[in-house]
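Trainee: Going down the list, the protein sequences come from chains Z and U. If you're matching positions, the first sequence starts at 1 in the numbering used here and goes up one per residue. If you're matching positions, the second sequence starts at 1001 in the numbering used here and goes up one per residue.
Accuracy of the hints is not assured; some may be wrong.
What the hints assert, rightly or not - As a list, the in silico DSS-like pairs of lysine-lysine whose alpha-carbon atoms are at most 27 Å apart:
| hint | chain 1 | residue 1 | chain 2 | residue 2 |
| --- | --- | --- | --- | --- |
| 1 | Z | LYS316 | Z | LYS346 |
| 2 | Z | LYS378 | Z | LYS346 |
| 3 | Z | LYS316 | Z | LYS208 |
| 4 | Z | LYS316 | U | LYS1109 |
| 5 | U | LYS1002 | Z | LYS346 |
| 6 | Z | LYS346 | Z | LYS381 |
| 7 | Z | LYS378 | Z | LYS390 |
| 8 | Z | LYS208 | Z | LYS148 |
| 9 | U | LYS1109 | Z | LYS390 |
I should point out that these hints are in silico values taken from the structure, not numbers from a laboratory.
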Amino acid sequence: MTYYNEMYEGSRVREPYARLSQWVETMPADFRQMKQAEAEALFRRIGITFAVYGEGGDPDRLIPFDMMPRVFEQAEWRRLERGIKQRARALNAFLRDVYGRAEIVRAGRIPARLIYQNEAYEKAVVGVVPPRGVYSHIIGIDLVRTAKDEFYVLEDNCRTPSGVSYMLENREIMMRMFPGLFRANRIEPVDQYPDLLRRTLESVAPAKCHDRPTCVILTPGHFNSAYYEHSFLANLMGVELVEGADLFVDGEFVYMRTTQGPRRVDVIYRRIDDPFLDPLCFRPDSLLGVPGLMDVYRSGGVSICSAPGAGVADDKAIYTFVPEMVRFYLGEEPLLQNVQTWTLWKDDDYRYVMENLADLVVKEVHGSGGYGMLVGPKSTKAEIEAFRAKIETDPGNYIAQPTLALSTCPTFVAEGLAPRHVDLRPYCLCGDRIELVPGGLTRVALREGSLVVNSSQGGGVKDTWVLSE
Amino acid sequence: MKLRIFHQTVYRYDRPVRNLVQSLRLTPSVFEGQRAHDWAIDVSGGIRGPGFRDGAGDWIEGWTVRGPTEEVTVTVTGRVETRDAAGVLRGHRELIHPLAYGRDTAATKPDAGLRELAATVTDPADALDLAHRLSAAVSDAIAYAPGQTEFHTTAAEALAQGQGVCQDHAHALAAVARLRDLPARYVSGYLHSRAEGEAHEAAHAWTEIHVQGLGWVGFDPANRCCPDERYVRLGSGLDASDAAPIRGIAAGQGIETLHVAVNVEEVERFQNQSQSQTQS
């Protein structure tokens, strides 16, 4: 398998990387080691040590930061941006539809069962139309690249995608350590993200809110692996970080306890999952949420971002229908492609996958973090057979995809620069407008040859640059 | 039938509580079989919060009591005109797709016993026949015996025990119906029982099963019948907790004791019936 190298075309350096190439070539080895140590010390001091995407593991583990940036040129990014925004529009249209008249089901484009029997489908919010019809306000779309102009969507994250603090911190640290690089290259900024996020949240305030909306971030608390990100974003946006116990319902609204007395809250950016939001509507044993919150939400007294029930759009089974959503709701052809996916609960797919395990990637439907997955071409015969036995016990729990030739990006390793596989998660904001900061989080598989970028499996992160014209 | 309803729930706390929040599903449904008049809900010391009709067609009201208080009383009064519609929920405005009721919860999760019970009905003529026979099977398998089960008893546990109350019957029927691919839901409401009748609880629960072509049809395995003019429907959910007429929580360490009084009387014949109970 050949892989698209984002920096080199043969031995020629691609245009966007020209200046970086000089930078690397003129960098003495001891300087690089010194800077790498400095970066690590900076990350530790800031305290950014959480596991991305809820992967579990040691919460105090530092995710390795690679100093070699990943670069997109303007035209590449504009194409990606159009594709991402298109997908975000389609996903929100889908959510409006499945909690409303469900035209897509009536039209026979998606099987009803996949939606209504989905764990993430919340019947409690059927008929509720959130302000501006937006259900998912922050959409993290995981992308991989296989050629110059070929990108695939691996998955959509419509609930509360994490990792954006890495995007911001990676940039901050690069600018602090290498100010010269940012003078020599015209790099589009990403530090407007917190302002854009706040603007997005304010733009979906409920109709009952007449002043400038009060927004808060609702966190499950400091034991949560992404707590750092919650407090980081609250700080940068200038909004309060609250836990369930800091909020209460009184009459028709939700209030926050403050030293100056109760203050009405209009928009809640929640970083807790649906089942824990309100013990009077969902899990009665939840202590993380706010009793009565859902009644206030459903009667238009407060906005919740993402809206309860948004998770039904990012399920692995629904994923295969996203291109269909783009056609159905927008009347457009999808600009971003899905990865071909075989669902093992279908007999034909099951047969095909079992005959071709050595060439495929097999994942658990509800798995995450790179656990419980088989990368056929990178596995031994024994590993494949062991996995086959696992699939046979519960085929419905698996999907399979072709092994993608993930692009590589030069990455600092002990011997100098070497190609390592990367993916990309941009963060699309949906409110009265759809916004995308130029960049995102690039994850890199630090192990040679590895296609798994998850930090629990030896992944690291990089700063992601979009060059201006 | 013209029914007058009085339903009072008194919560007492051994220590004062604050910020009591309740979500009430205590207003009769609107459909061809029933219509409510002069319906009034009051929560002592409470502030009426949001009221709205949800996707299931239920009227939900949020109430808050700031406190501190050691006692909160929820009082519901009103009249309901009912008609026998043979259990069919006709003219009920709701938006939720029936398949959303195919899902089980902890209370209705099937075990070997429920699977076996669901499989006892063979060669049904159609879905309606299947539903009737499943309801009868549940009636046969779980004897009415108050005090033998609790609010947290699951369908599987009640079946294993062979005893239960209307809540257990309704859970068990929802579970076996879903096992046979019929969407099913738990319904809470009131029941008027004639002195000579066999009906049990004035605060009652039964099951609705979705039958293609007919829509939602009620079945009451506790009384071996389909809901008729003696039944007043309040709302539905996947299980008792999801369909609970009152869901509430208070801040504070107070231990709660509960007293419920339900009175459903037929107005014109001036027949009276009063019952107290701790399980609704």
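Trainee: Each hint: holds or not?
Mentor: Against the structure, the hints:
1. LYS316/Z - LYS346/Z: 15 Å, holds
2. LYS378/Z - LYS346/Z: 26 Å, holds
3. LYS316/Z - LYS208/Z: 36 Å, violated
4. LYS316/Z - LYS1109/U: OK: LYS316/Z and LYS1109/U at ~24 Å, within 27 Å.
5. LYS1002/U - LYS346/Z: Judged against 27 Å, a Cα distance of about 54 Å means the pair is violated.
6. LYS346/Z - LYS381/Z: 25 Å, holds
7. LYS378/Z - LYS390/Z: Measuring from Cα to Cα gives roughly 18 Å; hence the hint holds.
8. LYS208/Z - LYS148/Z: 48 Å, violated
9. LYS1109/U - LYS390/Z: 25 Å, holds
Checked against the numbered hints listed earlier, the structure breaks hints 3, 5 and 8; every other hint is satisfied.
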